[in-house]
Structure formats: structure tokens, C-alpha cells
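Q: Counting from 1, position 226 in the sequence shown corresponds to residue 226 in our numbering; the numbering is continuous, with no gaps.
Treat the hints with care, as some may be off.
[As the list claims (entries may be wrong)] Estimated spans, in silico, between C-beta atoms of each pair: (1) Ser114 to Val161: 25 to 33 angstroms; (2) Ala264 to Ala104: 28 to 36 angstroms; (3) Arg281 to Ala135: 50 to 58 angstroms; (4) Arg178 to His246: 45 to 53 angstroms; (5) Val147 to Leu81: 21 to 29 angstroms; (6) Ser93 to Ala13: 46 to 54 angstroms; (7) Gln18 to Val273: 30 to 38 angstroms; (8) Val161 to Val231: 16 to 24 angstroms; (9) Arg168 to Arg88: 18 to 26 angstroms; (10) Ile139 to Ala104: 28 to 36 angstroms; (11) Pro136 to Asp166: 43 to 51 angstroms.
Since the hints were derived computationally from the structure, they do not count as laboratory data.
Cβ atoms here follow ideal geometry from the backbone N, Cα and C, with glycine treated the same way.
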Amino acid sequence: MSFLTRGILEPFALDFLQRALLGGALVAILCGVVGTWVVIRGMAFLGEALAHGMLPGVALATVLGLPVLVGGALSAVAMSLGIAALQRRGRLSYDTSIGLLFVAMLALGVVVVSHSGSFATDATSILFGDILAIAPVDIALLAGAAVVGLGVAWAFHRPLVALALDPRIAAVLRLGPRSAQAALVGLVTLAVVASYQAVGSLLVVGLLLAPAVAAGHWTARIPTRMALAAVLGIASVLVGLLVSWHAATAAGASVAATAIAVAALSGVARAAVTALRARGRGSAAGAVDRDDAARAAALDPVLAGPSAGSTAPAP
């Protein structure tokens with residue numbers, strides 16, 4: 001077995017790294033599907049806000065010894081409902097509603113964590129996640145979240161496409177734009193909560209957005225983009241865990257940084273391919289022009305002008 005192969009496979013002989021890879025892959029699949037819609041609809045701020053909005057629930061669950069995913073889910077759902085209520089009854093814009101609750105929930109979470117006896121440990125786990133601590137029960141929960149997320153995305157695919165084009169089109173076609181918007185917010189909430197343990201509340205948006213952005217450089221078809229985003233997300237988890245193992249860095253941060261690097265490299269590669277294609281088209285067009293000129297000259301020598309070694313006609 002080569003050194004390269006041994007370096008890749010050896011770490012995953014450990015049970016906790018196998019669980020981390022499997023859990024991260026499930027998160028990547030869910031984020032690939034949901035993140036595609038987030039990028040298309042320009043809802044990155046909502047994802048960031050929900051990531052911090054679940055902080056009070058996660059902190060309270062940590063202090064009380066309850067499942068953190070349940071606490072985070074309840075907190076994120078409460079924030080989603082609060083955003084909708086402020087937008088409808090408070091006559092505030094969508095971004096303003098998100099901004100207000102974003103700060104309020106973040107502050108409340110810090111207050112709750114500050115009452116814990118292990119503030120630094122709890123805060124680090126909440127903010128940056130602990131993908132290496134994923135347990136078998138967490139794998140089951142993540143698998144369930146992925147199945148639910150994929151099912152909702154499939155059921156609302158047509159309404160979400162119409163909503164992305166124009167909400168008025170969705171309304172005219174009676175595709176339920178409000179229901180589609182609520183489903184999308186629910187999907188974002190689900191993805192953010194599911195990603196929490198893998199990368200933490202600070203870095204969750206990286207795993208949600210970066211693979212979808214990278215996939216968008218190569219295809220415009222939504223289903224293909226989702227599948228490619230999921231594959232790139234899984235690759236980011238794999239490479240991030242290997243980097244964390246060999247470089248002794250934080251696993252969640254390594255995964256998020258790898259995802260961002262994949263998006264950046266994808267953009268550079270796409271720009272290079274576009275430039276090469278443009279240069280190729282320019283060269284082909286120039287060759288066609290030269291062939292046309294040579295063909296015209298062969299048909300009419302007068303158009304060719306004086307050839308090398310000949311003398312121009314006297315006036």
C-alpha cells in the first residue's frame with residue numbers, strides 16, 4: 001500500500017472518524033440541496049441569522065443536559081416564526097426582521113451560556129462544533145433530517161422554481177408561493193440545525209453556501225447543481241477531516257475552510273475554462289476568415305493584389 005493511500009485510509013480505521021465522515025456526508029447532502037436554493041434566492045443572511053438564532057436553545061440544552069439538536073431546532077423554529085410575525089404585523093422588511101431577531105437571539109444565547117460553569121468549553125463547542133464527537137444516535141438523526149429535507153425539496157420543487165423566477169408567476173399558476181417560501185425557510189432551518197454539530201453555529205453557512213456556489217459555476221440545471229453541490233460537500237468533509245488529522249487542526253473549521261477553498265478553486269477553474277474557450281473561438285474565427293480570404297483570392301486573382309516577387313501594374 002502506497003504512502004498516499006495509507007495516509008488517506010489509515011485515519012478512517014478509527015470508529016469516531018468513520019462516524020464523523022458519515023455524519024458529515026449526510027450533512028453535506030442536505031446542505032447541497034438546501035444551499036442551492038439559498039444561493040438562487042439570495043437568502044444567505046437568513047442562513048447566517050438562523051445559525052446564531054439557535055444559540056439560546058443549544059446553550060440552554062447544554063446547561064440542562066438535554067439533546068442539543070432538539071434545543072437548537074426549537075430555537076431556530078421560534079426565530080423563523082418570529083421573523084414571519086415581525087414581517088406581517090410589524091410592517092418591517094424581511095432583512096430588518098432578520099437583523100433584529102439575529103442580534104436578540106445571539107445576545108440571549110450568550111447570556112444563557114455565561115451562567116454555565118464551563119462557559120469556555122460550552123461556547124467553543126457551540127460556536128465551532130465537534131464533528132469528531134458525533135455518536136450513532138446523531139447519525140440516525142442526521143439521516144432522518146436528510147430524508148425529510150430531500151422529501152420536502154422534491155415535493156416543493158415546482159413551486160420553488162416558480163418562486164425563484166417570479167412570485168407573481170407562482171401565484172398565477174396557483175403553486176402556493178407562501179407555502180413554498182415557508183417550506184424553504186423550514187428547509188434552511190433544518191439544514192442549519194443538522195449542520196450545527198459538524199461545524200458549529202459560526203461556520204455552518206460555509207458548508208451551506210460554498211458547495212452550492214462551487215456547483216453553480218458548472219451547471220445551471222437545478223437538480224444537477226444540487227447533486228454536484230452534495231458531491232463537493234462530501235469531498236470537503238473528507239479532505240477537511242484528513243487535514244485536521246494530519247495537521248492537528250480543529251475538525252469543524254478545517255471542513256468549513258476546505259469547502260470555501262473548493263468554491264474559490266472552482267471559480268478560478270471556471271474562469272480559466274471560459275478564457276480558453278474564448279481564445280479558441282477567436283482562433284477558429286481568425287482561421288475561418290483567412291480561409292475565406294484565400295478562397296476568394298483563388299477565385300478572383302485581382303482581389304489578391306500583387307504577389308511576392310511580382311511588380312505592380314503601371315498606372
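Q: Hint by hint, note whether the structure agrees.
A: Quick rundown of the hints versus the structure:
1. Ser114 to Val161: 25 to 33 angstroms: violated (45 angstroms)
2. Ala264 to Ala104: 28 to 36 angstroms: holds (33 angstroms)
3. Arg281 to Ala135: 50 to 58 angstroms: The hinted range 50 to 58 angstroms holds for Arg281 and Ala135, with Cβ atoms some 55 angstroms apart.
4. Arg178 to His246: 45 to 53 angstroms: Check passed, 49 angstroms falls within 45 to 53 angstroms.
5. Val147 to Leu81: 21 to 29 angstroms: Given about 24 angstroms between the Cβ atoms, the range holds.
6. Ser93 to Ala13: 46 to 54 angstroms: Distance hint for Ser93, Ala13 holds at roughly 52 angstroms.
7. Gln18 to Val273: 30 to 38 angstroms: holds (36 angstroms)
8. Val161 to Val231: 16 to 24 angstroms: holds (22 angstroms)
9. Arg168 to Arg88: 18 to 26 angstroms: Given a distance of about 19 angstroms, which is inside 18 to 26 angstroms, the answer is holds.
10. Ile139 to Ala104: 28 to 36 angstroms: Since Ile139 and Ala104 have Cβ atoms about 33 angstroms apart, the given range 28 to 36 angstroms holds.
11. Pro136 to Asp166: 43 to 51 angstroms: Holds: the Cβ-Cβ distance is about 45 angstroms, inside 43 to 51 angstroms.
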